[in-house]
Every structure is written in C-alpha cells, then in structure tokens.
Amino acid sequence: MARELSTGAAINEAIVIAMRSDPTVILMGEDVAGGGDRSKEGTEEMGGVLGTTRGLVGEFGMNRVRDTPIAEMGLLGTAVGAAATGLRPLAELMFIDFIGTCLDPLLNQASKLRYMFGGKVKVPLTVRTVTGAGMQAAAQHSQSLYWMTTGIPGLKTVVPSSPAEAKGLLLASIRDDDPVIFCEPKGILNQVGEVPEGDYEIPLGQAHVVREGGDVSIVSFGATVALALQAATALEAAGTSAEVVDLRSLSPLDETTILASLEKTGRMVVVDESTPRCSIARDVAALCVDKGFDFLDAPVKCVTAPHAPVPFSAVLEKAFMPSAQDILDAVGEMG
Amino acid sequence: MDFSRDALIRTYRQMRTIRRFEEKLQELVAAGKLGGFLHLYAGEEAIATAVCAHLSDGDHVGSTHRGHGHCIAKGVDPRAMMAELFGRSTGTNKGKGGSMHIADVEKGMLGANGIVGGGIPLVTGAALSAQVRGTKNVAVAFFGDGATNQGQFHESLTMAANWKLPALYVCENNGFGEFTPTEFAIPVKDIVDRAASYGMRAVIADGMDFFDVFEKAGNAIDAARAGEGPTLLECKTYRFCGHFVGDPTPYRNKQEAEDWIQNRDPLDIFERKAAESGLLLGDDFRTIDLEVDELLNEAVDEAEKAPHPAPEDVLTDVYVRYS
Numbered sequence: 005m006a007r008e009l010s011t012g013a014a015i016n017e018a019i020v021i022a023m024r025s026d027p028t029v030i031l032m033g034e035d036v037a038g039g040g041d042r043s044k045e046g047t048e049e050m051g052g053v054l055g056t057t058r059g060l061v062g063e064f065g066m067n068r069v070r071d072t073p074i075a076e077m078g079l080l081g082t083a084v085g086a087a088a089t090g091l092r093p094l095a096e097l098m099f100i101d102f103i104g105t106c107l108d109p110l111l112n113q114a115s116k117l118r119y120m121f122g123g124k125v126k127v128p129l130t131v132r133t134v135t136g137a138g139m140q141a142a143a144q145h146s147q148s149l150y151w152m153t154t155g156i157p158g159l160k161t162v163v164p165s166s167p168a169e170a171k172g173l174l175l176a177s178i179r180d181d182d183p184v185i186f187c188e189p190k191g192i193l194n195q196v197g198e199v200p201e202g203d204y205e206i207p208l209g210q211a212h213v214v215r216e217g218g219d220v221s222i223v224s225f226g227a228t229v230a231l232a233l234q235a236a237t238a239l240e241a242a243g244t245s246a247e248v249v250d251l252r253s254l255s256p257l258d259e260t261t262i263l264a265s266l267e268k269t270g271r272m273v274v275v276d277e278s279t280p281r282c283s284i285a286r287d288v289a290a291l292c293v294d295k296g297f298d299f300l301d302a303p304v305k306c307v308t309a310p311h312a313p314v315p316f317s318a319v320l321e322k323a324f325m326p327s328a329q330d331i332l333d334a335v336g337e338m339g
Numbered sequence: 645m646d647f648s649r650d651a652l653i654r655t656y657r658q659m660r661t662i663r664r665f666e667e668k669l670q671e672l673v674a675a676g677k678l679g680g681f682l683h684l685y686a687g688e689e690a691i692a693t694a695v696c697a698h699l700s701d702g703d704h705v706g707s708t709h710r711g712h713g714h715c716i717a718k719g720v721d722p723r724a725m726m727a728e729l730f731g732r733s734t735g736t737n738k739g740k741g742g743s744m745h746i747a748d749v750e751k752g753m754l755g756a757n758g759i760v761g762g763g764i765p766l767v768t769g770a771a772l773s774a775q776v777r778g779t780k781n782v783a784v785a786f787f788g789d790g791a792t793n794q795g796q797f798h799e800s801l802t803m804a805a806n807w808k809l810p811a812l813y814v815c816e817n818n819g820f821g822e823f824t825p826t827e828f829a830i831p832v833k834d835i836v837d838r839a840a841s842y843g844m845r846a847v848i849a850d851g852m853d854f855f856d857v858f859e860k861a862g863n864a865i866d867a868a869r870a871g872e873g874p875t876l877l878e879c880k881t882y883r884f885c886g887h888f889v890g891d892p893t894p895y896r897n898k899q900e901a902e903d904w905i906q907n908r909d910p911l912d913i914f915e916r917k918a919a920e921s922g923l924l925l926g927d928d929f930r931t932i933d934l935e936v937d938e939l940l941n942e943a944v945d946e947a948e949k950a951p952h953p954a955p956e957d958v959l960t961d962v963y964v965r966y967s
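If you read the sequences in order, they're chains A and B.
Taking our numbering, the leading residue of the first sequence gets 5, the next gets one more, and so forth.
Taking our numbering, the leading residue of the second sequence gets 645, the next gets one more, and so forth.
Hints were generated in silico from the structure; no laboratory data involved.
Misleading hints may appear alongside valid ones.
The following label-pair restraints were derived from C-beta to C-beta distances [stated by the list, open to error]:
{"#": "1", "chain 1": "A", "residue 1": "Gly62", "chain 2": "B", "residue 2": "Gln670", "range": "43 to 51 Å"}
{"#": "2", "chain 1": "A", "residue 1": "Pro27", "chain 2": "B", "residue 2": "Asp837", "range": "50 to 58 Å"}
{"#": "3", "chain 1": "A", "residue 1": "Leu300", "chain 2": "B", "residue 2": "Glu671", "range": "54 to 62 Å"}
{"#": "4", "chain 1": "A", "residue 1": "Glu48", "chain 2": "B", "residue 2": "Lys808", "range": "24 to 32 Å"}
{"#": "5", "chain 1": "A", "residue 1": "Thr47", "chain 2": "B", "residue 2": "Ala840", "range": "27 to 35 Å"}
{"#": "6", "chain 1": "A", "residue 1": "Ile74", "chain 2": "B", "residue 2": "Asp933", "range": "32 to 40 Å"}
{"#": "7", "chain 1": "A", "residue 1": "Lys295", "chain 2": "B", "residue 2": "Ala840", "range": "55 to 63 Å"}
{"#": "8", "chain 1": "A", "residue 1": "Pro73", "chain 2": "B", "residue 2": "Asp903", "range": "53 to 61 Å"}
Here are some chain A residues the structure puts well away from chain B; computed CB gaps all over 10 Å [what the hints assert, rightly or not]:
{"#": "9", "residue": "Ala6"}
{"#": "10", "residue": "Gly90"}
{"#": "11", "residue": "Leu91"}
C-beta atoms are modelled at their ideal positions from N, C-alpha and C, and glycine is treated no differently.
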C-alpha cells in the first residue's frame, strides 16, 4: 500500500532530506525548535507553531536549527546575509501576514542584491510561510499575500497543492540559487496524500495539468486546486469537460502551459484564494487577453475572495473563501 | 607607537584616497558629469581605515548610503568604483548599482546600502554564516547614529548577542541623521547606552583619531574571533560635506562646523601623530598626496572612456536562473 503523509509531514521530510544532503542548509525562525534542544530536560520541542519542524533540532543540533527571537525583520535580514555569504538558509516566516514587519529584507535586499551587484552574488534563501484562510485565524493570520512577493523582480514564489507536490517543490526551492518564497496554504497543511519516498524535486516554473479536458480551463494553485477538481467532477456529470491546471509557481509563471490549455478549450476560469485587486487571478486573466485573445470564446472569469479583510466568524469566513460552487457559477456565466 | 613606516604610509595613503575620492566627486558633480545621489564620507576617514586594518578578504563588512570610504578601506579598487559612479560596464557592479550599492563580495564588501539600517542584519547574517561554518572570520557593520533608531538595529543586535556572533557594530555618530541633530532624534546621550539592553560590550572611540579607533576596534575584533561575541563601537565624528552632495547645510552651526573641519580633521590628526613618531616626514605625506591625485585623475579618465552597459543588460542578473 502506498505511503500517505500530511502536507506538514511531507514538508518535514523534505527539510530532513535537504539538511542531510547539504551541510550549508540551516533552519531558522521563531520556535522552529522552541527553546532549542530540550531533550535532556525531559521536554519536547514544539517544532513550530504547527509542529512542522518537530524533531529537526534533535538530529541537526542548535548550530543548524536556530530559534530566533520574535523579530521577523532581524530574522529575515540575517537569513539574507547568511545566504549571501555561504549558507543556504531555510527561514520561516510563521504567517505571511507578518510580512508587514519585515518587508525590507525581501523587497530591498534579497530580491535586489544580485542585480545591484552586477550578478556577482547569489542569495540562495528560501522563506517558508503559511498562507490563506480556513482556520478561523481572522484578519491578521489568514491572508494570501503571495501576489505581493510575485510582483517583486528577483524573488520567486511557489505555492504547492498537495503533500507530494509540497515535498518536491520545497526540495527544489531550497536547492534553487535564487530567493524563493514558499507558501504553505492552510487548506492543504492537514491534507493527507500519497508521497513518494526519498529525494525528488519538482522543477520551479512548470505548471502541471492535473486533469485533462476540452471544454473549459480552470487554472488554480495551492488550496484552490482541490476546489477546481471538485468543480471539474461536477461539470463532467453535467456534460462539460474541464481541464485543471495547477500553476505550482507564480514566479516564474508557466505562460506556455496556461496558453496551451486556453488554446485547447477556448474558455478560462482562474481561481485564487486572495483578494481580487492586483491578484494572480487577474494577472493570468490579463495574460489570456494579451497573448491568448484569439483563443478566447468567452470572457475570462476570475474566482477570488472579495475585496475585504478575512473575517473570524466561521460563517463569514466560508462566505469569504472561494468554493467549488463559485467555480461552477463562473463556468455557468460564460454560457 | 607600534606601527611600522610601511603601515603608516599605507594608512595615510588610504585615508587620503578616500578624501580625494570624495573631493573628486564634488568636482565632477559641479562639472555636471555625474548623476544620482551621492553621500560623502569626508571627515570620517579614520573610522573605516582603522577598523578595516584588522580585516582580511574573508571578513565581511556591510555599509551605508555613505559607503565610499568603507569600500576603499576594504580594498575595493577605486578605479572600478569610479567607473561604477559613471554607470559604466567596467564598474564594480557593471553599472547596475551606483553609489549607494557599490559592492565587491570577493573583497568581503557586502555592499553599501540605500536603506538606513538595511546593512545591519546582512552583516549579522554574515557573522552567523561564519559561526555556523566554523571559520575564524568576523563581520562588521558600519552605520550612522540615525540607523540606531531603526528596528533592524534592535533586532539584529538582539540576535547577535543571543548567539554570541563574531560581529562588530560600528556606529559612526556624525551628529546628524540627515538634517536633524542627533539630540532631537535619540533620547540617550551616547549611542553606547543602547548596548545595555542587549547585554553587549560597548566602547566609545574618538572617530577623528585613527589610533584610538584602531586600538578599540582591534580589541573588539579579537574578542569576536575568540568567540566572545559582538561589540558596539561608537565613533564620535563629523560629516564635513553635509548629508548629500548639494546639501547647503543651513541647519548646521557654522562655528561648530568650522571647528571640526579646521581643528579636528582626521587626516591632520593622523599626520601630526605619525610625524611625531619620526617615521614619516612632511615630504612623505606630500609625495603620497601627489600619487593619490594621480591615481584618481587616472580613475576618472578611465571611467569616462569606459563602455556603457548595453541596453539589453537591463534583463541580466535578475536571477541565477528563471524559466
């Protein structure tokens, strides 16, 4: 029987493989251990607020697994400096919402050092960060801000959609020589799925056609891939064949696969957990209009959250988040 | 004095090179030959020169918007720096950085930095890298008094102290954050007072006196290399040319400026003390002055003749790989 893991466990496995195979990989962040190695005191470490990095300090020690103070700017800035001087740091920004306290190291340092220095330095930094709604974590712990980092030249942004994807994409991200923002959507963290054993990478910048179809394309990524697949199943029952594309990485963006799917189906729905303005959904929609206009048989539809903060109430949060029904409605509107 | 004649010559040549480099830039701006924002280091030469005298290429420094002096002191070629300021492809950064981003990682120069306080965590990361990799290298952050109000300063020093990183934090307290005198912006008398909150060693040096900075920076760097953790070194200094080239300095007390410039010039102080040792004579200094003039004249000539980047270079060096 195939082995199944949660996304959190798959990420943990990817980190172990990366740290065993490269001594320059270090892990740093708030509570990545939680008080360092406490095993001798008869206590166990937290291993991160969601337990994703539990067990690592025991194997790799406190030199390579660094608990930082709750100081995101110092944490990320230090990680950038370490990346520019011989290490391959994996830094954890607990929730992407905290980017407000630490944008400078990403916006003005990690993303620009190589360019400003005329290509004479590399910054092989990966920042893992939890994104998205779905845990009633409310407005400051639930945002899908990957559109911000996607818009910054010099950064790469990756959003996996399943446990197996998370493992392969994280290994590729850590081993990438450019700074990568690796988003972990809450909607997939507890998802359990088959995960291959051993060391494998999924290349950045290559979208994945998860399901083939001929009548409509549904471009999705992260937690919305599952919604797209649900919608595709329902559409099939109604006689419509939907193709589902998982972008995997937002920067670089695999324009070729998006446009090839559009050419095949003539209709495009883009699904994105984030708020609509300046979103990935509208960016992909603009791409379809700009470079795929002749393929379009209907207006491009975007399914996103509304232009509002993320609410706490479970009822409101459900109303906020895109659903499979929203995708079906969008397809219906296309006629 | 524990300095050889060669060491004194090397030091004076470096300080003079920094001063002339900055004077040259003023001349070039006046002649309409240079663009961009320029922040000059004149008046603060003793600090970079004294601190970097203790460093090798494997030790990293991070600098500020006022970074030319740190670059020269860390061994970056002034000719390549001049070409960079002219935006040429032969510049340190192939014309993509300019004054606020000059860097040369092979020399351990992690870059000037256009963000006040932005270099401090980068240097902290370089110190972390040295510690994790088990080298004997140190990392030195230069920053102004104004940067000590930034969160990046506080967060970085907290982490460096927690981890006993091999780092030195050099505050060049030149009395002004942009145009605002320090006492309006910083609620403690001395910057070193802030170190207590990190449990960090802190020392004040006379930033106009090479020998004082040399001794105190040396002690701090030795301690860092020995695993004894970081130090905050505050160097009291003065900004001879204002915040940027073209700053008319109306906010500055004329008498105070006159006093610093006439009586406390770090090059004059160095020359006097070095001459007292008997190892260098007045003629030695003047010979060096001429050699430095010649070097910088050549640097400007070369830079003006150097090729511009090709327009298509706008898209190179964004990523190592992007597809």
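These are the hints, each one checked on the structure:
For glycine 62(A) paired with glutamine 670(B), a C-beta distance near 59 Å fails the hint of 43 to 51 Å. Here the CB-CB span from proline 27(A) to aspartate 837(B) is close to 40 Å, at odds with the stated 50 to 58 Å. Checking the proposed 54 to 62 Å range against leucine 300(A) and glutamate 671(B) shows it holds: the Cβ atoms sit about 60 Å from each other. Separation of glutamate 48(A) from lysine 808(B) is about 26 Å and conforms to the stated range, judged on CB atoms against 24 to 32 Å.
Look at threonine 47(A) against alanine 840(B): about 32 Å separates their beta carbons, and that is inside 27 to 35 Å. Judged by the Cβ atoms, the range 32 to 40 Å given for isoleucine 74(A) and aspartate 933(B) is violated: they are separated by roughly 53 Å. Taking the beta carbon of each, lysine 295(A) and alanine 840(B) are about 60 Å apart, inside 55 to 63 Å as hinted. Between proline 73(A) and aspartate 903(B) the beta carbon distance is about 42 Å. The supplied range of 53 to 61 Å is therefore violated.
For alanine 6(A), the condition that its CB be more than 10 Å from all CB atoms of chain B holds, with the nearest at approximately 32 Å. Residue-level check failed: glycine 90(A) sits 5 Å from the nearest beta carbon of chain B, not beyond 10 Å. Look at leucine 91(A): its CB is around 5 Å from the nearest CB on chain B, not clear of 10 Å, so calling it non-interface is violated.
The structure shown violates the earlier hints numbered 1, 2, 6, 8, 10 and 11.
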